[in-house]
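Residue numbers (our numbering), protein chains in the order written: chain A, 624 to 841; chain B, 624 to 841; chain C, 358 to 590; chain D, 358 to 590.
It should be emphasised that the hints constitute simulated quantities derived from the structure, not laboratory data. Each residue gets a CB set at the ideal place from its N, CA and C atoms; glycine is no exception. You can take every hint at face value.
Label pairs and their in silico Cβ distance ranges:
(1) B:Lys824 x C:Ile542: 46 to 52 Å
(2) A:Gly676 x D:Val586: 45 to 51 Å
(3) D:Glu549 x A:Glu681: 34 to 40 Å
(4) C:Lys497 x B:Ile740: 41 to 47 Å
(5) D:Glu549 x C:Arg587: 33 to 39 Å
(6) D:Lys399 x C:Asn493: 38 to 44 Å
(7) D:Asp415 x B:Asn769: 28 to 34 Å
Okay, derived cross-link-like pairs now, SDA-like style, lysine to any residue, Cα gap no bigger than 20 Å in a straight line:
(8) B:Lys743 x D:Val453
(9) B:Lys791 x D:Lys497
(10) A:Lys743 x C:Gly449
(11) B:Lys743 x D:Glu454
(12) D:Lys579 x B:Pro686
(13) B:Lys791 x D:Gly482
(14) D:Lys575 x B:Asp687
(15) B:Lys788 x D:Gly482
(16) D:Lys516 x D:Glu578
Listed here are the chains, written in short residue letters.
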Amino acid sequence: MLDKNGIAKRIAKEIKDGYYVNLGIGIPTLVANYIPEGINVVLQSENGLLGMGPFPFEGEEDPDLINAGKQTITTLPGSAIFDSAMSFGMIRSQKIDLTILGAMEVSENGDIANWKIPGKMVKGMGGAMDLVASAKNIIVAMQHVNKAGESKLLPACTLPLTGIKCIKKIVTELGVFDVLPEGGFKLLERAPGVTVDEIRKATAGKLYADDDVPEMVG
Amino acid sequence: MLDKNGIAKRIAKEIKDGYYVNLGIGIPTLVANYIPEGINVVLQSENGLLGMGPFPFEGEEDPDLINAGKQTITTLPGSAIFDSAMSFGMIRSQKIDLTILGAMEVSENGDIANWKIPGKMVKGMGGAMDLVASAKNIIVAMQHVNKAGESKLLPACTLPLTGIKCIKKIVTELGVFDVLPEGGFKLLERAPGVTVDEIRKATAGKLYADDDVPEMVG
Amino acid sequence: MINKVVANADEAIADITNGKTLMLGGFGLCGIPENCISALVKKEVKELTCISNNAGVDDFGLGLLLHKRQIKKMIASYVGENGEFERQLLSGELEVELIPQGTLATRCLAAGYGMPAIFTPAGVGTEVAEGKETRNFNGKDYLMEYAFDADFAIVKAWKGDTAGNLVFRSTSRNFNPVMAMAGKITIAEVEELVEVGTLDPDHIHTPGVYVHRIFQGKNYEKRIEQLTVRKVD
Amino acid sequence: MINKVVANADEAIADITNGKTLMLGGFGLCGIPENCISALVKKEVKELTCISNNAGVDDFGLGLLLHKRQIKKMIASYVGENGEFERQLLSGELEVELIPQGTLATRCLAAGYGMPAIFTPAGVGTEVAEGKETRNFNGKDYLMEYAFDADFAIVKAWKGDTAGNLVFRSTSRNFNPVMAMAGKITIAEVEELVEVGTLDPDHIHTPGVYVHRIFQGKNYEKRIEQLTVRKVD
Numbered sequence: 624m625l626d627k628n629g630i631a632k633r634i635a636k637e638i639k640d641g642y643y644v645n646l647g648i649g650i651p652t653l654v655a656n657y658i659p660e661g662i663n664v665v666l667q668s669e670n671g672l673l674g675m676g677p678f679p680f681e682g683e684e685d686p687d688l689i690n691a692g693k694q695t696i697t698t699l700p701g702s703a704i705f706d707s708a709m710s711f712g713m714i715r716s717q718k719i720d721l722t723i724l725g726a727m728e729v730s731e732n733g734d735i736a737n738w739k740i741p742g743k744m745v746k747g748m749g750g751a752m753d754l755v756a757s758a759k760n761i762i763v764a765m766q767h768v769n770k771a772g773e774s775k776l777l778p779a780c781t782l783p784l785t786g787i788k789c790i791k792k793i794v795t796e797l798g799v800f801d802v803l804p805e806g807g808f809k810l811l812e813r814a815p816g817v818t819v820d821e822i823r824k825a826t827a828g829k830l831y832a833d834d835d836v837p838e839m840v841g
Numbered sequence: 624m625l626d627k628n629g630i631a632k633r634i635a636k637e638i639k640d641g642y643y644v645n646l647g648i649g650i651p652t653l654v655a656n657y658i659p660e661g662i663n664v665v666l667q668s669e670n671g672l673l674g675m676g677p678f679p680f681e682g683e684e685d686p687d688l689i690n691a692g693k694q695t696i697t698t699l700p701g702s703a704i705f706d707s708a709m710s711f712g713m714i715r716s717q718k719i720d721l722t723i724l725g726a727m728e729v730s731e732n733g734d735i736a737n738w739k740i741p742g743k744m745v746k747g748m749g750g751a752m753d754l755v756a757s758a759k760n761i762i763v764a765m766q767h768v769n770k771a772g773e774s775k776l777l778p779a780c781t782l783p784l785t786g787i788k789c790i791k792k793i794v795t796e797l798g799v800f801d802v803l804p805e806g807g808f809k810l811l812e813r814a815p816g817v818t819v820d821e822i823r824k825a826t827a828g829k830l831y832a833d834d835d836v837p838e839m840v841g
Numbered sequence: 358m359i360n361k362v363v364a365n366a367d368e369a370i371a372d373i374t375n376g377k378t379l380m381l382g383g384f385g386l387c388g389i390p391e392n393c394i395s396a397l398v399k400k401e402v403k404e405l406t407c408i409s410n411n412a413g414v415d416d417f418g419l420g421l422l423l424h425k426r427q428i429k430k431m432i433a434s435y436v437g438e439n440g441e442f443e444r445q446l447l448s449g450e451l452e453v454e455l456i457p458q459g460t461l462a463t464r465c466l467a468a469g470y471g472m473p474a475i476f477t478p479a480g481v482g483t484e485v486a487e488g489k490e491t492r493n494f495n496g497k498d499y500l501m502e503y504a505f506d507a508d509f510a511i512v513k514a515w516k517g518d519t520a521g522n523l524v525f526r527s528t529s530r531n532f533n534p535v536m537a538m539a540g541k542i543t544i545a546e547v548e549e550l551v552e553v554g555t556l557d558p559d560h561i562h563t564p565g566v567y568v569h570r571i572f573q574g575k576n577y578e579k580r581i582e583q584l585t586v587r588k589v590d
Numbered sequence: 358m359i360n361k362v363v364a365n366a367d368e369a370i371a372d373i374t375n376g377k378t379l380m381l382g383g384f385g386l387c388g389i390p391e392n393c394i395s396a397l398v399k400k401e402v403k404e405l406t407c408i409s410n411n412a413g414v415d416d417f418g419l420g421l422l423l424h425k426r427q428i429k430k431m432i433a434s435y436v437g438e439n440g441e442f443e444r445q446l447l448s449g450e451l452e453v454e455l456i457p458q459g460t461l462a463t464r465c466l467a468a469g470y471g472m473p474a475i476f477t478p479a480g481v482g483t484e485v486a487e488g489k490e491t492r493n494f495n496g497k498d499y500l501m502e503y504a505f506d507a508d509f510a511i512v513k514a515w516k517g518d519t520a521g522n523l524v525f526r527s528t529s530r531n532f533n534p535v536m537a538m539a540g541k542i543t544i545a546e547v548e549e550l551v552e553v554g555t556l557d558p559d560h561i562h563t564p565g566v567y568v569h570r571i572f573q574g575k576n577y578e579k580r581i582e583q584l585t586v587r588k589v590d
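Based on the provided sequences and hints, a complete structural model is requested.
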């Protein structure tokens, strides 16, 4: 079973040299810590920055320089700043190679719900709807089941949707899954020590698993 | 009767303090020479400049700094440079107070033709169609009749249109005319030494002229 | 050049009356027009519709207007950091329209660029699409979204000149330039007001033609919402 | 950062083959990609569709490609300064589509901003509107115009860094930034190629994400089309 950092670490392997990547809030943010050495990657923050750097050193924080999570950050040599229209312009025109974000639910046809729980205070979708509707490659990083123990990989989402037919891959504490074009979750890798049966039990949507699904390599 | 500079000088009186103005090629360009003292006006050039200054001094021309007529020009303190999308963005959103341009024909309902003569080489509309479709206030500067002696103020344009129902005012060598919302040319001022009859004779479209149309004041 | 300078925030917002629609720049608390917000609080203008990516925090930014019940309707993409907001929303005192962040930005752009509507895939198949025209281009569905129609845009820039040309600093740029283009009347407050000729024409983010009033703000607090730092090793 | 540097124009355009659609920045002869145009002439690539505001003059700019009959179709707003162009047009050798300048710019913007179509009033009621959808918004008619779909965009900037960030100088900016955003592959030639970290992130006109290849050009002629000067008194 993976912890949050394990999920982030596994997702980082999906990032290829030369990628522009948008990281959502939560586990996705941790992915930045595991980008392999020697790989040139540029992080986009949708409030208007390409080339997001690490947090500033204490005392060097700049209130004018934040990321989409409102955290103080830094730029890097080669960074570029732009306005919100251009930021979502480049997202819509698919200049961002990979988007990684969290989810409350993903359906077996790739729908995602991650912004609203009826009856609870709704904070808003922020840039999530734009990102999922536009990105050519979206990976979801999330826990496999919710706090009530219910599967988050579902035949159909029960919560209000953020986007439809858009999620390509999911990484949870239990494994790595492709969302198949024809529908269904294809188990690609098991998390260390996790069996296919355990994964099947935790997955409400249709699960496809070969007999010899490999265990994730650390 | 006015010469080209006279037409330009008369049009310059229409420019009010605080106006952003786009000047077309030809007579409109001359208007810049007659903007009254003490009036603050900013000239827009649609290739991407607000605050167009005079021609450069000999030897100080900069090939990177031209106006929409491709002439070398200068900037002024307070000038701003932008790309073509923003330039026409501000034109479409009517941030430009006044557009002055030439015409081959204007109809009594405010249509304008100024870009194409069938059978002749067509150079293109450039920014003219955008300007006439968007500007809230357009003045045409032109000769009253063409080289064949035919009126250019017509019941309906005979040449391919540049825009429809857009011209508000016309200044020719013979006088100043409003294009009435209900159709027709309303003579506001006669050029020095020109009679209403002479104007009527040169105007093919419907002309409204009071008995006491004033002569233009120099 | 045309001089756009007014004395201060009070003068800049003097004609903002009850019931107007305002756009306010900023992302979180970054790049918000602090002086104008304070002046709006002081003026006690009410029943405002505010278009802004966020709604401030309890005691800063738009939270100050919420606290005084001056906002009737909030159009935003994310309103998560504000307890008073939540209270008013749940009690029905406050109308809220949540729209995708890119749609928010592009509806501003559309207004500034004289485009009555734009097409975006954001929200297709979700409740955001309800009641909206969906249209397929090249095999992909898009929603048609309308340009905003705001009475006033209020933005905050780093530097500005007397002709209204604006330069923004770092990510405090965010929504400010697109909103500056979108207001029927645009008010800019700047940290430093300079003479014309000081700013490089090649590096002006918002040309003065879009700005109707400009003034030098004061006492910028620039509060940080999420302070995240590294320790020096 | 991601390194986008290629050695020269020949390498930059190596995969531009016959029949491709190219966007080329510039207004008149101002800000045109001189090096890439020369390389295209040398490569003798043919049957190009060129999207550019103008078509150069007889012996410079796109006129060089026209002279060698490399252009099959020209999409432009104004083509007035070119005798060879006129000859090929009248003889039927060259297809020409003339479109309003603002429509040209905004169809580039649409491509760069992922908007499949835009609405503009330009051309309503004229032959430009033929065959196009007209739609009324708020009492005014607009044409729906589609985003461009160009295989390559070729632009010229003043400075650029190895990550592809671009800065333009004065009115040589014109169509270059919007075309840079619009190409499936974007090639930038620059007068000065600098290391990352040299350009101010706040003053980059085109972020590197839009640029796929960049190289330092040479021997810029920067020809002036209409030299207009004042005499020193």
